[in-house]
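S.K.: Mapping of the sequence shown onto our numbering: residues 30 to 209, in sequence order.
Since the hints were made in silico from the structure, they are not lab data.
Keep in mind that this is a model prediction, so the values were computed, not measured.
Idealized CB from N, CA, C, for every residue including glycine.
Do not rely on the hints blindly, as some may be mistaken.
[Stated by the list, open to error] Ranges of calculated distance between the beta carbons of each label pair, as one might list FRET restraints:
1) Met99 / Asp126: 45 to 55 Å
2) Asp61 / Glu144: 27 to 37 Å
3) Ala90 / Ala184: 20 to 30 Å
4) Gln42 / Glu63: 42 to 52 Å
5) Asp187 / Asp126: 36 to 46 Å
6) Gly101 / Thr132: 42 to 52 Å
7) Arg142 / Arg103: 38 to 48 Å
8) Asp44 / Asp91: 14 to 24 Å
9) Glu144 / Gly79: 49 to 59 Å
10) Ala183 / Gln152: 26 to 36 Å
11) Arg142 / Met99: 40 to 50 Å
12) Gly195 / Gly135: 33 to 43 Å
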Amino acid sequence: MSSAWATGPAAPQPDFRMVTQMHDQSSGMTIDAELRHSEGRFRMETEFQGQAAAVLIDPAADSVTILMDMNGMRMAMEVPSADSGFAVPDADDRLGDPIGSDTVAGEPCTIYRFEIEDAPGDQAEGCLTHDYVVLRVSSQDEGVVFEAREFERAAQEDSWFVVPEGYRRMSMGAMGGFRR
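Model the full assembly from the supplied sequences, consistent with the hints where possible.
M.R.: Here it is as structure tokens:
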């Protein structure tokens with residue numbers, strides 16, 4: 030998956046909620062997550078090292094905020110997107126011609142073949158809706174790396190995409206530490 034944010038017409042258009050499964054072959058981990066999107070912003074809820082966590086991704090602000098509640102200490106760790114290690118599945122200019130169609134999580138999508146950014150010459154396939162929502166990504170080497178299990182087009186409340194009251198903000202930039 031690209032770590033570059035989609036900034037043009039290939040960014041997802043609709044508000045949605047999906048339940049996904051992501052596979053990382055290098056670590057052998059499978060991550061189940063709930064992903065929400067509204068007006069270019071994303072929220073991903075999952076478990077991180079046994080703790081429930083939410084990740085707020087705002088491509089327009091070039092920021093990622095990780096929300097965690099560790100034994101009552103509620104933290105909002107702000108990280109520049111380039112340093113976060115989090116990426117959202119986006120359609121970008123590496124898409125080739127359509128090679129087929131499918132239905133993923135009840136939603137019709139078009140299959141595109143594209144070049145893998147981190148491995149020039151290697152190719153993967155992505156299944157995208159007509160309005161640029163990525164529902165599945167697979168590669169020859171790793172198989173399915175991202176797939177929607179549930180998908181629902183629905184308005185998402187703004188409160189899903191902001192840091193809730195009571196969280197202590199921490200800047201995890203180059204210097205790290207607490208923000209005043």
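S.K.: State, for the Cβ atoms of Glu144 and Gly79, whether the hinted interval 49 to 59 Å holds or is violated.
M.R.: Check failed, 36 Å falls outside 49 to 59 Å.
S.K.: Taking the CB of Asp44 and the CB of Asp91, does the distance hold inside 14 to 24 Å?
M.R.: Between Asp44 and Asp91, where Cβ atoms are some 22 Å apart, the hint holds.
S.K.: Starting from the hint 27 to 37 Å, judge whether the C-beta atoms of Asp61 and Glu144 obey it.
M.R.: holds (28 Å)
S.K.: Range first: 45 to 55 Å. Now tell me if the beta carbons of Met99 and Asp126 are that far apart.
M.R.: holds (47 Å)
S.K.: Range first: 40 to 50 Å. Now tell me if the beta carbons of Arg142 and Met99 are that far apart.
M.R.: holds (42 Å)
S.K.: Could you say whether the range 20 to 30 Å given as a hint is met by the Cβ separation of Ala90 and Ala184?
M.R.: holds (21 Å)
S.K.: Determine whether the Cβ-Cβ distance between Asp187 and Asp126 falls within the hinted range of 36 to 46 Å.
M.R.: holds (38 Å)
S.K.: Measuring from beta carbon to beta carbon, are Gly101 and Thr132 in 42 to 52 Å?
M.R.: Holds, since Gly101 and Thr132 (Cβ atoms, about 44 Å apart) stay within the stated range.
S.K.: Is 42 to 52 Å right for how far apart the beta carbons of Gln42 and Glu63 are?
M.R.: With Cβ atoms ~20 Å apart, the hint is violated.
S.K.: Given the hint of 26 to 36 Å, check if Ala183 and Gln152 actually sit that far apart at their C-beta atoms.
M.R.: Holds, since Ala183 and Gln152 (Cβ atoms, about 33 Å apart) stay within the stated range.
S.K.: Honestly, do Arg142 and Arg103 meet the 38 to 48 Å range at C-beta?
M.R.: Holds - the Cβ-Cβ distance for Arg142 and Arg103, about 44 Å, lies within 38 to 48 Å.
S.K.: Measuring from beta carbon to beta carbon, are Gly195 and Gly135 in 33 to 43 Å?
M.R.: About 37 Å separates the Cβ atoms of Gly195 and Gly135, which means 33 to 43 Å holds.
Hints 4 and 9, counting from the list given before, are not met by this structure.
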